[in-house]
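Visitor: These are the residues of each chain, in order.
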Amino acid sequence: MSGWPEALLTYGLTTVIAFGIAGMIHLMVVLLEKRTESGKQEGSS
Amino acid sequence: MTWEAMANIFQGITTLAESFSHNPIMAAARIGLILLGLLMIYLGRKGILEALLMIPMGLGMATVNAAIMFFDPLNLHGGMGTLFVEAQAGATADAVKNAAEIITILQIDWLQPIYTFTFSNGLIACLVFMGIGALLDVGYVMARPYQSMFIAVCAELGTIITFPVAQWFGYTPQQAAAISIVGGADGPMVLFTSLRLAPELFVPIAIIAYLYLGFAYGGYPYLIRLLVPKKLLGIKPQPPKKKRTITSGEKMLFAVVACVLLSFLLPVAAPLIFSLFFGVVIRESGIKEFIDLLQGPILYGSTMFLGLMLGVLCDANTIMDPKVLPLLLLGVLSLLISGMGGIGGGYILYFVTRGKFNPAIGIAGVSCTPTTSKVAQKVVSKVNRGAIILPDALGANVSGVITTAIIAGIFCSLLAK
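Same order as they appear, the protein sequences are chains A and B.
Here my numbering is used: the first residue of the first sequence is 1, the next is one more, and so on.
Here my numbering is used: the first residue of the second sequence is 46, the next is one more, and so on.
Treat the hints with care, since some could be wrong.
Unchecked claim - Below, simulated DSS-like cross-link-like pairs (lysine-lysine); rule was C-alpha separation at most 30 Å, straight line:
hint : chain 1 : residue 1 : chain 2 : residue 2
1    : B       : Lys276    : B       : Lys401
2    : B       : Lys427    : B       : Lys276
3    : A       : Lys40     : B       : Lys296
4    : B       : Lys296    : A       : Lys34
5    : B       : Lys401    : A       : Lys34
6    : B       : Lys296    : B       : Lys281
These are computed hints drawn from the structure, not numbers from a lab.
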């Protein structure tokens, strides 16, 4: 049955890109949280 | 008044009688499709299948197979045709002939302008995606990005496995890719990919994809009940450790970055990626007039014409093409494996979290937004009313749209003729 190499390549790339986006979201949320916290600290001092 | 004059007046009956004498299988298919169309309207009305698609599609299918007359201006169907639409106009290898055919048919068939100017260039898929984007709350993915993406990747299993299987059935790699994307359960993506990779199979693939998406609405609850025991269906998801409200500005920032990044990585799928995130950005921008426009007239207008057009394209000639029958099997296979893959992903998370994750959420990785999320919640609610899985399911659902767009982009780039 032909097509498996392309199928596996597609699945591999999809997994990498999908988790890359998940990592980007995670990083974004962490940075935004830090910014909010530092903003709060500056406000209280 | 002669019999000949009567036969000329009631051409629907005459063409059917003629088909019975020359090609009884085609005549039986015509009657079968009329009955199927009526059944789709009934099941849509009853809420067993997705009414938004099934009612216009069923009426279109029943009517177009009834309204066949002695009319075939492009000589494509042995002297019989309708005044609705001609999908094969302009599909020859000769560019000049194509232009002449399209101009001719645009002036005859009443739905041809919608087909030529919104279907054959993928515009309708993009319009539906804008509307879907305007309904999506990306906050669900942002709250649990790894979990959502993991389920979505697992729920693409059907797309990946069907690709070589379709080639084994004798389809070219391009056709196989267009067929297998049905497993992503994302209608606009199926339209887009089949138009890019296998325009000759666009009509049957699109019809089968949307038909099955309607059936998924009715069929997936049985798959969930079959694969997930009642005890596990009642599991309440754990609330996130750090509960923090994600602002609309943050959601908008994510949509903008994801849109540019994904378009940069996969330019072939950029129209769809842009349309989806455009909808998300409009939703989060708070411009009420634009939000109302996308969520209402654009989404429902394009869905209605999509259903109607797909129904009208379901004439006996198209459905009885020998290349179409294996598509029926491959479409089911693709959606079934994707559903099983999603639930399998749910089970992996169930074991990783030591029994705290409801495996039924996995079905929502199949990106038929928001249908699969609703289906999962409905099945779970019947077992445990207090188990609210919708936020987790919607996260997986939105991620499913993203992963299907990624696969469509890779297929289109990898296999472009």
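Visitor: Next, verify each hint and record whether it holds.
Guide: Quick rundown of the hints versus the structure:
Among the hinted pairs, Lys276 (chain B) with Lys401 (chain B) is consistent with the structure: their alpha-carbon atoms are about 12 Å apart, no more than 30 Å. Of the pairs offered as hints, the one joining Lys427 (chain B) and Lys276 (chain B) holds, with about 12 Å between alpha carbons and a cut-off of 30 Å not exceeded. Taking the CA atoms of Lys40 (chain A) and Lys296 (chain B), the gap is near 21 Å; set against the 30 Å cutoff, the hint holds. For the hint linking Lys296 (chain B) to Lys34 (chain A), the alpha-carbon distance of about 17 Å falls within 30 Å, and the restraint holds.
For the suggested pair Lys401 (chain B) and Lys34 (chain A), the alpha carbons sit about 29 Å apart, so the restraint of at most 30 Å is met. Distance check on the hinted pair: Lys296 (chain B) and Lys281 (chain B) sit about 26 Å apart at the alpha-carbon level, within 30 Å; holds.
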